[in-house]
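Could you slot chain A onto chain P? The hints should help.
Residues per chain are reported as follows:
There are 2 protein chains.
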Amino acid sequence: MKNTVYIISGPAGVGKSTTSQRLVQQLNKSAYISGDDVSHIPVNGRGMPWLDQDTLDLTWNNISSLTKNLLDYEYNVVIDYVAFPNEVKWLSQQLRNREVRIVYVVLMVDKETIKFRDRLRPEGEQMGERSLILLEEFDNDTELMDKNKLYTHQYRVEQLSEIIEEILKNDKYLFS
Amino acid sequence: MKNTVYIISGPAGVGKSTTSQRLVQQLNKSAYISGDDVSHIPVNGRGMPWLDQDTLDLTWNNISSLTKNLLDYEYNVVIDYVAFPNEVKWLSQQLRNREVRIVYVVLMVDKETIKFRDRLRPEGEQMGERSLILLEEFDNDTELMDKNKLYTHQYRVEQLSEIIEEILKNDKYLFS
Numbered sequence: 006m007k008n009t010v011y012i013i014s015g016p017a018g019v020g021k022s023t024t025s026q027r028l029v030q031q032l033n034k035s036a037y038i039s040g041d042d043v044s045h046i047p048v049n050g051r052g053m054p055w056l057d058q059d060t061l062d063l064t065w066n067n068i069s070s071l072t073k074n075l076l077d078y079e080y081n082v083v084i085d086y087v088a089f090p091n092e093v094k095w096l097s098q099q100l101r102n103r104e105v106r107i108v109y110v111v112l113m114v115d116k117e118t119i120k121f122r123d124r125l126r127p128e129g130e131q132m133g134e135r136s137l138i139l140l141e142e143f144d145n146d147t148e149l150m151d152k153n154k155l156y157t158h159q160y161r162v163e164q165l166s167e168i169i170e171e172i173l174k175n176d177k178y179l180f181s
Numbered sequence: 006m007k008n009t010v011y012i013i014s015g016p017a018g019v020g021k022s023t024t025s026q027r028l029v030q031q032l033n034k035s036a037y038i039s040g041d042d043v044s045h046i047p048v049n050g051r052g053m054p055w056l057d058q059d060t061l062d063l064t065w066n067n068i069s070s071l072t073k074n075l076l077d078y079e080y081n082v083v084i085d086y087v088a089f090p091n092e093v094k095w096l097s098q099q100l101r102n103r104e105v106r107i108v109y110v111v112l113m114v115d116k117e118t119i120k121f122r123d124r125l126r127p128e129g130e131q132m133g134e135r136s137l138i139l140l141e142e143f144d145n146d147t148e149l150m151d152k153n154k155l156y157t158h159q160y161r162v163e164q165l166s167e168i169i170e171e172i173l174k175n176d177k178y179l180f181s
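Keeping their order, the protein sequence lines are chains P and A.
Per our numbering: the first sequence = residues 6 to 181.
Per our numbering: the second sequence = residues 6 to 181.
Where chains are identical, the list cannot tell them apart; a pair therefore holds if satisfied intra-copy or between any two copies.
Derived BS3-like pairs (lysine-lysine); straight-line CA-CA distance at most 30 Å:
#1 LYS34 / LYS73
#2 LYS73 / LYS7
#3 LYS73 / LYS94
#4 LYS174 / LYS73
#5 LYS7 / LYS174
It should be emphasised that the hints constitute simulated quantities derived from the structure, not laboratory data.
Bear in mind the structure is a predicted one, so any value in this text is a computation, not a measurement.
Chain P with its partners taken away, still in its complex shape (with noise of 0.2 Å):
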């Protein structure tokens, strides 16, 4: 049976890592990659993902790694970063050779929402302008299809199952 590497993108304050954390579990041999993790392996030296190509392409090269090893031993992987369609693209590329279905999920929401639950955040992992940069970058995104997205605004947190069963059952999420 093709196994599943599902991307779960979106701006920052979305719910992303609560949606994969919460997927990943629902799976079965499954593996959690925060790319947020893994843009952190560098110490001294690297810059900022959304300002320095290389520590983004390093970033990138180290979560495709993660992810064929992962697929070697026949796991799931859910990935959890800010992904845009180029580099799902790029990632898709790389496993090419491979049996392997790809499902890209953009959790978006409005920016009220996007505000309000950044503000919830420890003072010092609140995004803020970075977080409606990011929205209105996955808005102005021509190569971002809109079967991709998914608006969880009308969501309420206890409803984050039916999140779930959305993204495990409908195929419009494939990415092709």
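Below, chain A alone, put in the same frame as chain P:
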């Protein structure tokens, strides 16, 4: 100039993380790989790395892939993990086509110190018997050369910088 991969090993509770994190801060363009973090990427369906060979192999494959990528981007790499000589040999084989120095340091302490330090950890993170078993495994490993051992029970925390100097300056820790 050749970059360096530092493997900071030793039983649980010996100070690998503290030492590794200080070391990575002292190096230019440096990256930190926590073997424990890497071993936790698989979530459902993994075994304990010390009981399940597949899980341990996957962890080392992931560490190796990350290290190769980081070397491609010209980082020095600090690996913080319980690493035995046969594992270091395997990793050095994976890196054989590269210009790289491999420094292998096994931090060691006596039994009383390791028991004492383990009790200082938060309850959920205490290793108990596991620390002592690992200490004996390192003591009894016939492939482990004395030159790669660094006894730290005579050092106090304030002397961490001396340990770092020792690791950086003393060529006897080079793996060969």
